[in-house]
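Residue-level listing of the chains:
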Amino acid sequence: MNFSWLVTMAWRDSRRSRSRLALFMSSIVLGIAALVGINSFGDNLARSIREQARELLGADLVLSSTQPFDPKLLPALQKLGQTRSDEASFASLVSFPRTQGVRLAQVRALGPGFPYYGDWETQPAAAGAQFKAGQSVGALVDDVLLAQFDARVGDSVKVGSLTVPIVGRVLKTPGQTGFSAAVAPKVFIPKNLLAATGLIRPGSRVQYRTYYRFAPGTDVAATIKPLESKLEASNIDSDTVASRQQQTGRAFQDLTRFLSLVAFVALLLGCVGVASAVNLYVQEKLASVAVLRCLGASGRQALLIYLIQTSGLGLLGAIIGAALGAVVQLVLPQVLGSFLPVTVSVAVSPAAVGLGLLTGLAMAVLFALLPLLAIRRVSPLRVLRASFEEDTATPDPLRGLVLAVVGLFIVGFAYAQTREWKQALGFGAGLLLALGALAGLGLGLRYQLRRYFPVGWSYVARQGLANLFRPQNQTVTLIISLGLGTFLLATLFLTQGLLLGRVQLSASGRQPNLVLFDIQTEQEKGVEQLLAKQAIPVMQRVPIVTMRLAAINRRTVGQLRKDTASGVPLFALTREYRVTYRDTLSASEKLVAGTPPRPAATPAACPACRSMPTTSSASSSSWVIR
Amino acid sequence: MTSLQVENLTKTYTSGGRQLTVLHEVSFSLQPADTFAIVGPSGSGKTTLLGLCAGLDRATSGSVWLQGIQLDKLSEDQRAAVRNQHVGFIFQNFQLLPTLTALENVQVPLELRGERNVARQAQALLERVGLGERGHHYPTQLSGGEQQRVSLARAFANRPQILFADEPTGNLDPDTSANVVDLLFDLNKEAGTTLVLVTHDLELAAKTQRIMRMRGGKVVEAEAARTR
Numbered sequence: 000m001n002f003s004w005l006v007t008m009a010w011r012d013s014r015r016s017r018s019r020l021a022l023f024m025s026s027i028v029l030g031i032a033a034l035v036g037i038n039s040f041g042d043n044l045a046r047s048i049r050e051q052a053r054e055l056l057g058a059d060l061v062l063s064s065t066q067p068f069d070p071k072l073l074p075a076l077q078k079l080g081q082t083r084s085d086e087a088s089f090a091s092l093v094s095f096p097r098t099q100g101v102r103l104a105q106v107r108a109l110g111p112g113f114p115y116y117g118d119w120e121t122q123p124a125a126a127g128a129q130f131k132a133g134q135s136v137g138a139l140v141d142d143v144l145l146a147q148f149d150a151r152v153g154d155s156v157k158v159g160s161l162t163v164p165i166v167g168r169v170l171k172t173p174g175q176t177g178f179s180a181a182v183a184p185k186v187f188i189p190k191n192l193l194a195a196t197g198l199i200r201p202g203s204r205v206q207y208r209t210y211y212r213f214a215p216g217t218d219v220a221a222t223i224k225p226l227e228s229k230l231e232a233s234n235i236d237s238d239t240v241a242s243r244q245q246q247t248g249r250a251f252q253d254l255t256r257f258l259s260l261v262a263f264v265a266l267l268l269g270c271v272g273v274a275s276a277v278n279l280y281v282q283e284k285l286a287s288v289a290v291l292r293c294l295g296a297s298g299r300q301a302l303l304i305y306l307i308q309t310s311g312l313g314l315l316g317a318i319i320g321a322a323l324g325a326v327v328q329l330v331l332p333q334v335l336g337s338f339l340p341v342t343v344s345v346a347v348s349p350a351a352v353g354l355g356l357l358t359g360l361a362m363a364v365l366f367a368l369l370p371l372l373a374i375r376r377v378s379p380l381r382v383l384r385a386s387f388e389e390d391t392a393t394p395d396p397l398r399g400l401v402l403a404v405v406g407l408f409i410v411g412f413a414y415a416q417t418r419e420w421k422q423a424l425g426f427g428a429g430l431l432l433a434l435g436a437l438a439g440l441g442l443g444l445r446y447q448l449r450r451y452f453p454v455g456w457s458y459v460a461r462q463g464l465a466n467l468f469r470p471q472n473q474t475v476t477l478i479i480s481l482g483l484g485t486f487l488l489a490t491l492f493l494t495q496g497l498l499l500g501r502v503q504l505s506a507s508g509r510q511p512n513l514v515l516f517d518i519q520t521e522q523e524k525g526v527e528q529l530l531a532k533q534a535i536p537v538m539q540r541v542p543i544v545t546m547r548l549a550a551i552n553r554r555t556v557g558q559l560r561k562d563t564a565s566g567v568p569l570f571a572l573t574r575e576y577r578v579t580y581r582d583t584l585s586a587s588e589k590l591v592a593g594t595p596p597r598p599a600a601t602p603a604a605c606p607a608c609r610s611m612p613t614t615s616s617a618s619s620s621s622w623v624i625r
Numbered sequence: 000m001t002s003l004q005v006e007n008l009t010k011t012y013t014s015g016g017r018q019l020t021v022l023h024e025v026s027f028s029l030q031p032a033d034t035f036a037i038v039g040p041s042g043s044g045k046t047t048l049l050g051l052c053a054g055l056d057r058a059t060s061g062s063v064w065l066q067g068i069q070l071d072k073l074s075e076d077q078r079a080a081v082r083n084q085h086v087g088f089i090f091q092n093f094q095l096l097p098t099l100t101a102l103e104n105v106q107v108p109l110e111l112r113g114e115r116n117v118a119r120q121a122q123a124l125l126e127r128v129g130l131g132e133r134g135h136h137y138p139t140q141l142s143g144g145e146q147q148r149v150s151l152a153r154a155f156a157n158r159p160q161i162l163f164a165d166e167p168t169g170n171l172d173p174d175t176s177a178n179v180v181d182l183l184f185d186l187n188k189e190a191g192t193t194l195v196l197v198t199h200d201l202e203l204a205a206k207t208q209r210i211m212r213m214r215g216g217k218v219v220e221a222e223a224a225r226t227r
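Just so you know, the protein sequences line up as chains W and Z, in that order. With numbering that gives the first Met the number 0, the residue at position 262 of the first sequence is 261, and numbering never jumps. With numbering that gives the first Met the number 0, the residue at position 45 of the second sequence is 44, and numbering never jumps.
Everything labelled a hint here was simulated from the structure, so no lab data went into it. These figures come from a predicted structure and were not determined experimentally. Some hints here could point you the wrong way.
Okay, the calculated beta carbon distance ranges per label pair [said to hold, decoys possible]:
#, chain 1, residue 1, chain 2, residue 2, range
1, W, ARG384, Z, THR1, 46 to 52 angstroms
2, W, ALA403, Z, ASN116, 56 to 62 angstroms
3, Z, SER62, W, ARG384, 20 to 26 angstroms
Computed footprint of chain W on chain Z, listed as stretches where at least three residues anywhere in the stretch have a Cβ under 8 angstroms from a Cβ of chain W [to be verified]:
#, region
4, 86-95
5, 106-118
6, 126-133
Cβ atoms here follow ideal geometry from the backbone N, Cα and C, with glycine treated the same way.
Could you put the whole structure together from the sequences, leaning on the hints where they help?
Structure follows, in structure tokens:
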């Protein structure tokens, strides 16, 4: 038997059933459109984050430390990357001589070259380019700071002993958001003028950074891996595009996960639609199959005719679905644009389209195969007795195999979407449980109706009910299809509700929309009066105390530093922590372990902690206001 | 070689935990080109017997040899191959494939045999039954008599050694029935095919060489062969 005859028969047989097959195909089209649209969008989002994370960092790698880099490490560090720029930044009071304004600002003394990705946005535009080229003889100052003191380009700014002209107004610079500019406005000076400020002395709190650019395609994380232990020992932090990307990605993990769930549910609904449509289709085709069997077609040939038919339509449905999905992904960034932290550039994702086509074909074959397998067992005797029913008591091993592959497909796909086996297996088990419960419900309904049939009811009602248990009834199939569809949609809405619940908490009227930072104790009264004058209520005052660790689990920092096996990074032991305290948890917080802290009866609970600061008065505070 | 040999054929169904025997120990044999009618009232077991003889079903006990092949030893797929090689069918309700044209319906048995140039053979058969111009029509576009004539063309397409006809005129009016019956017997004579006819129409049965009467699943009378 040649394949071309099977294809010809598949084509011939489809002639009068195309509207039914369109229903089957629409299940695939919608499932694949959702999958391709959402996955393409996800790919575009990931690519945009990757590209914009690079711009956010301004380099491929940033090394930073609170001390000048260890001279012993410098030869190794100088070999890294193609080019590099050094920076020293520190907080300092800056003044504007013309307007007599003074303010605490972040001073960044930068060497030429930075940024390697993204660009300065300055007024005048050439000022940023000159600064980057190392040709600048003055300072670039944040727009916020200039606006605050009514200063302008051409004025002078004084940093320590250095007075330089303001050569540009900074509107945007890589690695800085509008928010961070408002909290800590920056003054950029050329690195070669740093010494002239006279501010770098022993004991000065300076952050040293070096920005590196690597050759395109370099695996930066792998390149610095051999240096990691040495960097840590020297208290040098590293920040790569990948780590920055991870930080940005975390910000909307919920959104991407929810969209993945939407795609998965759409696909599963498509699978349910395929199985239901083909099941009904097979019921209609039993007579034709019996005729073919009678004329000499084998069970395998009869099955292949319909499998070719459904696979062909599945492929066509997947192609249409993928095309539709490509259109959907063009619209998604516009719909979701205002919620996203990055601007998503739109491009067709070949990976998502390829995956969609393969998935569409796989779901058409697998989920159509379940009902189609019955074709192999259609008896030719149906040509003589239309009501003949095949023996279904003997289990079909092939059906068991297909069911196992369907299970693997669902769990495998769930894993592909979640990347967690536990969740994928849990989802598969939940689905199986729902399937079992619905099948049980269908069988139970059929049994109970037959047993307690309401003989006294009207003719129409009796006929309607009797059809639920008569031969060839579709009761169990329909309950499973409709029930599973409802179950999946309910899961989706439940998840949506949970996610929106979280957003609502932060968007509710109890949440602040203005935060004042760094209010010194002596400033409290003045700020209080100012707020009262503006009728702005203070929701919460957050005291902040700067501390250093004294001990962990009764082991002093000194002991921990000597213990090389403690696993506690050195920077964690030596850095300053800005700590607050409260006596109650907020509505969004939950204590997951331990007991709530109580006020200590004695200055310290453990002898080793006696050296810890126990001050009850904060060094500064932040006020949360609405 | 006998064309069809049936020995002690019995068919029992289990229904609601009870055994229901619909065919009791039926035996007969047919030589090539014999014409044979099985007659009896509804429920007498004649269609069950036809199904077993044609290899569409399995007997509970007893054996069927078709062209010397013992059917009860074969799987369903093997019996399908035997049907394709040796058997033709005509049914009361025609059983044409609704999505295929008249020509394609006639082609199917030939295509299943893997033959080439089947369209020419099928067209010749349609012309023989007087439907040469209707080959591109679908079954729903043909009258009952025309459908049964397409069915006849299909039944003879694979040049069968034995033809099974189940109430071939059951759905036709008297005039159309007469035409179809004449065509059936003419084609059968031309091809030298053994004919097994199931009917309750005694006039139609009288056209065959032998008649077997059944009642309650048992043979109640078996006539000796006559020359028609």
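Do the hints match the structure? See the list:
no.: 1; hint: ARG384/W / THR1/Z: 46 to 52 angstroms; result: violated, 28 angstroms
no.: 2; hint: ALA403/W / ASN116/Z: 56 to 62 angstroms; result: violated, 45 angstroms
no.: 3; hint: SER62/Z / ARG384/W: 20 to 26 angstroms; result: holds, 22 angstroms
no.: 4; hint: 86-95; result: holds (count 4)
no.: 5; hint: 106-118; result: holds (count 6)
no.: 6; hint: 126-133; result: violated (count 0)
Of the numbered hints listed earlier, those contradicted by the structure are 1, 2 and 6.
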